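Undergrad: Residue numbers (my numbering), protein chains in the order written: chain L, -4 to 283; chain X, -4 to 283; chain S, -4 to 283; chain H, -4 to 283.
Mixed in with the good hints, there may be bad ones.
It does not matter which identical chain is meant; a pair holds if it fits inside one copy or across any two.
What the hints assert, rightly or not - 30 Å max Cα-Cα, derived DSS-like pairs, lysine-lysine:
id : residue 1 : residue 2
1  : K42       : K122
2  : K13       : K48
3  : K84       : K48
4  : K42       : K159
5  : K26       : K42
6  : K122      : K96
7  : K26       : K96
8  : K48       : K96
9  : K16       : K122
10 : K204      : K159
11 : K122      : K13
12 : K204      : K48
13 : K122      : K27
14 : K27       : K13
Bear in mind the hints are in silico, worked out from the structure with no lab data behind them. Keep in mind that this is a model prediction, so the values were computed, not measured.
4 protein chains.
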Amino acid sequence: MDFRTDLALERCEFLGKKETKGIEIEEFDAKKARVSRIAVTDENGEKLVGKPKGLYVTVEVAPFAQHAQFIDDSLEALVTEIRRLLPDKGSVLVAGLGNMKITPDALGPKCASMIFSTRHITGELLKETGLTGLRSVSSFSTGVTGDTGAQAGEILKGLTDTLKPDAVITVDALAARSVSRLGNTVQMCSTGIVPGSGVGNARQEISEKTLGVPVIAVGVPTVVDAATLIADCSDQDDTLLPDEMRMMMVTPREIDLMIERAAKLTALAINCALQPEISPEDMLILTA
Amino acid sequence: MDFRTDLALERCEFLGKKETKGIEIEEFDAKKARVSRIAVTDENGEKLVGKPKGLYVTVEVAPFAQHAQFIDDSLEALVTEIRRLLPDKGSVLVAGLGNMKITPDALGPKCASMIFSTRHITGELLKETGLTGLRSVSSFSTGVTGDTGAQAGEILKGLTDTLKPDAVITVDALAARSVSRLGNTVQMCSTGIVPGSGVGNARQEISEKTLGVPVIAVGVPTVVDAATLIADCSDQDDTLLPDEMRMMMVTPREIDLMIERAAKLTALAINCALQPEISPEDMLILTA
Amino acid sequence: MDFRTDLALERCEFLGKKETKGIEIEEFDAKKARVSRIAVTDENGEKLVGKPKGLYVTVEVAPFAQHAQFIDDSLEALVTEIRRLLPDKGSVLVAGLGNMKITPDALGPKCASMIFSTRHITGELLKETGLTGLRSVSSFSTGVTGDTGAQAGEILKGLTDTLKPDAVITVDALAARSVSRLGNTVQMCSTGIVPGSGVGNARQEISEKTLGVPVIAVGVPTVVDAATLIADCSDQDDTLLPDEMRMMMVTPREIDLMIERAAKLTALAINCALQPEISPEDMLILTA
Amino acid sequence: MDFRTDLALERCEFLGKKETKGIEIEEFDAKKARVSRIAVTDENGEKLVGKPKGLYVTVEVAPFAQHAQFIDDSLEALVTEIRRLLPDKGSVLVAGLGNMKITPDALGPKCASMIFSTRHITGELLKETGLTGLRSVSSFSTGVTGDTGAQAGEILKGLTDTLKPDAVITVDALAARSVSRLGNTVQMCSTGIVPGSGVGNARQEISEKTLGVPVIAVGVPTVVDAATLIADCSDQDDTLLPDEMRMMMVTPREIDLMIERAAKLTALAINCALQPEISPEDMLILTA
């Protein structure tokens, strides 16, 4: 397994997609969306999938770039799956990871900027809204280490210690193995972000272990490594590729539009999962 | 004193600018820049100036919007004054305050994005740079409460507890009383940001008291309240103005360019104050 | 009349708003919108209003900045009034005037970027759309002379000679006399843009005379000159104001949001006026 | 030759890079830059290279993304080669082609926005500058057909008919065959933009034949087609690739930074080629 992917589903496909000791797979169609729920249940599963014990859900939806209509069956499936992973109640911090200045990595910050934050809506301000059951939500982008001098995990540690949320949702761009996964897939998992989960991914762990509260990671595959693509298409050993190739990525031509739409859809899904009292139509207007 | 200003200098001008018990003023020309150092030394001074005991320095420079050449005498004066307020050594967190989506309030975030962060440059990475005396710097934008759900002060509390800087520099857009202050003035102070320092400013205190380390506040006046302008020009009582006027601000026509340049100049001044080993020319290239 | 305004309605208000020889005024409520139609009918009217013979329509709507819901009664009034000024059929060129890099002047370019251009949708491409009655529309931003080296009027002359539209719609930011006009007003007129129509406006004429086809000008007041505000509030002679004041403008605090919304609303109104076959809901999705 | 490239140099490399009837090649090092001048001189050359008779110059420079210092030997080589292709004197229109909203295609519009336009600097305004020999320059971005409803060629026809430049320079992003060409190459040619010059390029011809004045095309390769990359790395017939692969492109990870720098460098080179009286240092400040 020398190709890079952040998707548990692609790891399982590579294994032949059959259930085995330590891996349980449930797949079904939720109207127009296709849902795959993978449970990694023991160390054998961890080793095979390359990810820690927990739940990994993939929702395949209509292509984001042709998806100017956000409120449909796909949204419903996303909302349902996010709610299944989240604690029933309590405050939530939504954290956008990634680099605003690199288009395919800008998903996290763009999504975070569209989260409906409510933590400051209290007292008189709350009465004015007429809403009684608002869940307390804060949101933030961690920036990237090269710009801030700090790792995303350090920043989130500081913010969770101070804001004391009951759960954290991270949003991030992912790498896939196959170009057919780009622009139509959302992955959610219960284990946060753990180094080594995708090859080539040296980030600090962001998980319940490091933050002290459950961490749900929402991700969208936006690139395929060029080296992975070539290795995949040509059965070449990617260790033989020239160095410059390792700096190359493969994206759809409409990557800018795809990121805009993916950020808007994931933000809407998270917002609706967190605030069941507000309709998707009203949520779109509130966050416009 | 019913007009709004965030500048200690304008408060003193209103008082007739003479020294008095509790207020010491030193003014001089540093080549092309004009420097005013105001020390508020006791409670009488605090009451007169409307700001806590500490140092308030104003540097008047060539108009930012005509100032595409950043490396000149003005820069030198800014660097000197920032260094006088900062601890001699130790790590620093630079925090941009304000709203990226409101042009005259975007100074803080824009400046923070141009800070030369070095906290992560250690070990091998440091050896590669060939620099031996890099001061540890991290930088961050706090966002605004309406977007994040958290106050800037809360976020900075979390970040200072985790990143443990020895000092914090905040950067922020200010309001002036006089339009002649816009686009050519930088204020620095040793007291951080304290509510009530400018009328109409309801922010949470960000200071050594709340963060536990010295807080130097760097600010640039970018707007005059329309109500202040009218009251000032017409000797009208501004409490008689219609409500809609209170939502209006006065800015130069070239406000977008002015903010770009002011952010670039203050970032360069802070960067050079923190890294004396690096020349301004090299710093401009490093942060381009 | 030494104050600056681009609104015919404010000129008439200054005259006492009564009809007189050469000026006919019709005012009515169109559900939530207030419509004023002013006809300048002879040279006496031209002299009084300071604008050439023709129709000047103002539609007052709900404040743009609180107006995340675009499809409502206001839209209907705008669509109706634009259609009244436009030729019944034939191709149209929509031209955004103004400076993308100056927030309150960015209305024209932002609106033009949201126009639903159809001129290239022909043959097979048209069949695919399933639409039979698409009006041919092109759109463009002229940029500003300081950037392009050419005047907006020259550029539009070149484009109309080549693209041969049957009418031109210009979209532009305007200056008002009163801050109460900002953020809630759209003016449309049949005479294009003619120098001297607002004091201080030295642009080249863009009209049927110069382009050879009818020119409808759509404008939104986004600023009040600081000099006009002061003169108005204090009965001061604005010629006595210091020079720096002439470079100042007054805008709402939420100017960035206001411009976004105003551009989206005017674009939607123009798009719906041009393509009656497409519903406002579908148009919003097509141009998202 | 079933791979896609817009670079004459890559076509020649594919042919074995030897001169032959109809193709003359001159290569040399200009300090740190590598210059290749290819002359296509007859129909045989046209057939082999797949481009019309004329001059095709490639300058290989230091990688843009590591190139924050713009004024160096590479700039000198670019300026020299642009001047060789340009008429000695007369006015010039610089046209940015491509899509501002698609990162790797945004080179043209970004470059055009940094061109030093002078056509409007006449009379008093010229005297103020103290410059006597300013060449008349205008600049413009054509937008893309899907947004404007018009082809770039139509818009340039309208602008050249009205502004009457003596030559046109187009700036555009290109596709290369090899990833090693991305981020370090500028191509200039004397023949404008002619359909079929790169496979998959269906644009309308923009050349002396259509515009009536010489057209110099400046281009920077920013992408490799994924299909070309795979065909190249695996000797697969790219006609067998799945359809979704045809919508994929390969770019460097730092594509956003690369485009910024490439646009700045090409704009500086064009500006300096057009205004020999102004030093590169002053030009950088004038266009900052």
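Undergrad: Evaluate each hint against the coordinates.
TA: Going down the list of hints, with the structure as the test:
1. For the homomeric pair K42 and K122, neither the shortest alpha-carbon distance inside one copy (51 Å) nor that between copies (37 Å) is at most 30 Å.
2. Only within a single protomer do K13 and K48 lie at most 30 Å apart by alpha-carbon distance; the minimum there is 17 Å, versus 60 Å between protomers.
3. In the homo-oligomer, the alpha carbons of K84 and K48 lie at most 30 Å apart inside one protomer (23 Å), although the nearest pairing across protomers, at 45 Å, exceeds that limit.
4. When the C-alpha separation of K42 and K159 is checked against a cutoff of 30 Å, the pair qualifies neither within a copy, at 33 Å, nor between copies, at 37 Å.
5. For a Cα distance limit of 30 Å, the shortest separation of K26 from K42 qualifies neither inside one copy, at 33 Å, nor across copies, at 54 Å.
6. Taking CA atoms no more than 30 Å apart as the test, K122 paired with K96 passes between copies only; the shortest distance there is 27 Å, against 39 Å inside one copy.
7. When the C-alpha separation of K26 and K96 is checked against a cutoff of 30 Å, the pair qualifies neither within a copy, at 36 Å, nor between copies, at 33 Å.
8. Neither within a single protomer nor between protomers do K48 and K96 lie at most 30 Å apart by alpha-carbon distance, with minima of 33 Å and 41 Å respectively.
9. Within a single copy, K16 and K122 get their C-alpha atoms no closer than 53 Å, and across copies no closer than 48 Å, so neither meets the 30 Å cut-off.
10. When the C-alpha separation of K204 and K159 is checked against a cutoff of 30 Å, the pair qualifies both within a copy, at 15 Å, and between copies, at 22 Å.
11. Within a single copy, K122 and K13 get their C-alpha atoms no closer than 53 Å, and across copies no closer than 46 Å, so neither meets the 30 Å cut-off.
12. Within a single copy, K204 and K48 get their C-alpha atoms as close as 13 Å, which meets the 30 Å cut-off; across copies the closest is 44 Å, which misses it.
13. In this homomeric assembly, K122 and K27 come within 30 Å of each other (Cα to Cα) only across copies, at 27 Å, whereas the closest approach inside a single copy is 38 Å.
14. Taking CA atoms no more than 30 Å apart as the test, K27 paired with K13 passes inside one copy only; the shortest distance there is 24 Å, against 57 Å between copies.
In the structure shown, a violation is registered for the earlier hints numbered 1, 4, 5, 7, 8, 9, 11, in ascending order.
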